[in-house]
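Visitor: The sequence shown begins at 9 in our numbering and counts up one residue at a time.
Note that these hints are calculated values from the structure, not bench results. Any given hint could turn out to be false.
Stated by the list, open to error - For each label pair, taking beta carbons as the anchor points, the in silico distance ranges come out as: (1) 95 with 115: 28 to 34 Å; (2) 156 with 95: 15 to 21 Å; (3) 173 with 104: 22 to 28 Å; (4) 143 with 50: 31 to 37 Å; (5) 72 with 144: 25 to 31 Å; (6) 148 with 56: 21 to 27 Å; (7) 56 with 113: 35 to 41 Å; (8) 52 with 135: 22 to 28 Å; (9) 93 with 116: 34 to 40 Å; (10) 49 with 139: 36 to 42 Å; (11) 143 with 55: 19 to 25 Å.
As the list claims (entries may be wrong) - With a cut-off of at most 30 Å between alpha-carbon atoms, the simulated DSS-like pairs for lysine-lysine come out as follows: (12) 156 with 175; (13) 164 with 175; (14) 140 with 164; (15) 156 with 61.
Each residue gets a CB set at the ideal place from its N, CA and C atoms; glycine is no exception.
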Amino acid sequence: MTSSKHLFGPYLRWLAVPALALLLVLGGCKKHEEAKAVVAAPLHAPAALTDDKAWQDYYQDVIGRNSQGVDGNTFPYYLPAPGGADYDDQYGRQLQGVSDSLQRGVLPGNMLAFMSPDSTKMADLVVAAFAKASPGSMKKVTVLFVGKPADNDRVKAAVEPTGATYKFVGFD
């Protein structure tokens with residue numbers, strides 16, 4: 009009598025290879041579908057102007073969703089809502105820091121991102137800092153402004169002469 013091991017052995021090995029390949033393909037498809045499902049919905053601008061944590065979370069979400077084409081570093085500039093004891097000092101330091109960076113030059117592939125619950129004040133900062141930037145000095149640099157639509161045009165007008173790619177994300 010022949011054992012079943014010898015009778016089915018070669019056939020089982022022959023069927024095992026395609027079955028294993030099929031499992032790998034199906035398993036890979038499932039992982040791809042799971043990866044798609046992980047994408048979170050975009051955050052919305054917080055209603056409370058003084059909730060710095062919520063604003064910074066929102067800001068990071070917006071930066072992440074607008075980083076296409078950025079293969080270098082992102083330099084985020086955030087100004088909290090007015091009312092803090094050192095608000096004017098923070099504004100002055102940010103303005104000086106941005107102005108210094110623009111005068112030194114920003115490497116291609118990098119992104120400068122600007123946001124504040126006080127969109128008008130941040131727009132003032134960007135316009136003032138970019139007034140000192142050399143025309144054409146920021147080619148292949150991305151500038152992201154997150155603010156109110158009413159501030160978009162003047163920020164865009166200040167940034168465009170530098171040759172930077174300008175992106176705007178609005179909130180109300």
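Visitor: All hints are to be evaluated individually against the structure, with a verdict given for each.
Guide: Going down the list of hints, with the structure as the test:
1. Restraint check, residue 95 to residue 115: a C-beta distance of roughly 31 Å satisfies the suggested window 28 to 34 Å.
2. Separation of residue 156 from residue 95 is about 18 Å and conforms to the stated range, judged on CB atoms against 15 to 21 Å.
3. Range check, residue 173 to residue 104: Cβ separation about 25 Å, and the 22 to 28 Å hint holds.
4. Judged by the Cβ atoms, the range 31 to 37 Å given for residue 143 and residue 50 holds: they are separated by roughly 34 Å.
5. Hint check: residue 72 to residue 144, Cβ distance near 29 Å, so the stated range 25 to 31 Å holds.
6. For residue 148 and residue 56, the Cβ-Cβ distance of about 37 Å falls outside the hinted range of 21 to 27 Å, so the restraint is violated.
7. Separated by about 38 Å at the C-beta atoms, residue 56 and residue 113 satisfy the suggested range of 35 to 41 Å.
8. Checked against the given bound of 22 to 28 Å, the beta carbons of residue 52 and residue 135, roughly 26 Å apart, stay inside it.
9. Under the hint 34 to 40 Å, the C-beta atoms of residue 93 and residue 116, about 39 Å apart, fit the expected range.
10. Between residue 49 and residue 139 the Cβ separation comes to about 38 Å, which falls inside the hinted range of 36 to 42 Å.
11. At roughly 40 Å, the beta carbons of residue 143 and residue 55 sit outside the given window of 19 to 25 Å.
12. Distance check on the hinted pair: residue 156 and residue 175 sit about 13 Å apart at the alpha-carbon level, within 30 Å; holds.
13. Proximity of residue 164 to residue 175 is assessed by CA-CA distance (about 8 Å); at most 30 Å being required, the pair is judged to hold.
14. This hinted pair checks out: residue 140 and residue 164 have alpha carbons roughly 15 Å apart, not beyond 30 Å.
15. With a CA separation close to 19 Å, the supplied pair residue 156 and residue 61 stays within the 30 Å bound.
Going down the numbered hints, you'll see the structure goes against 6 and 11, while the others check out.
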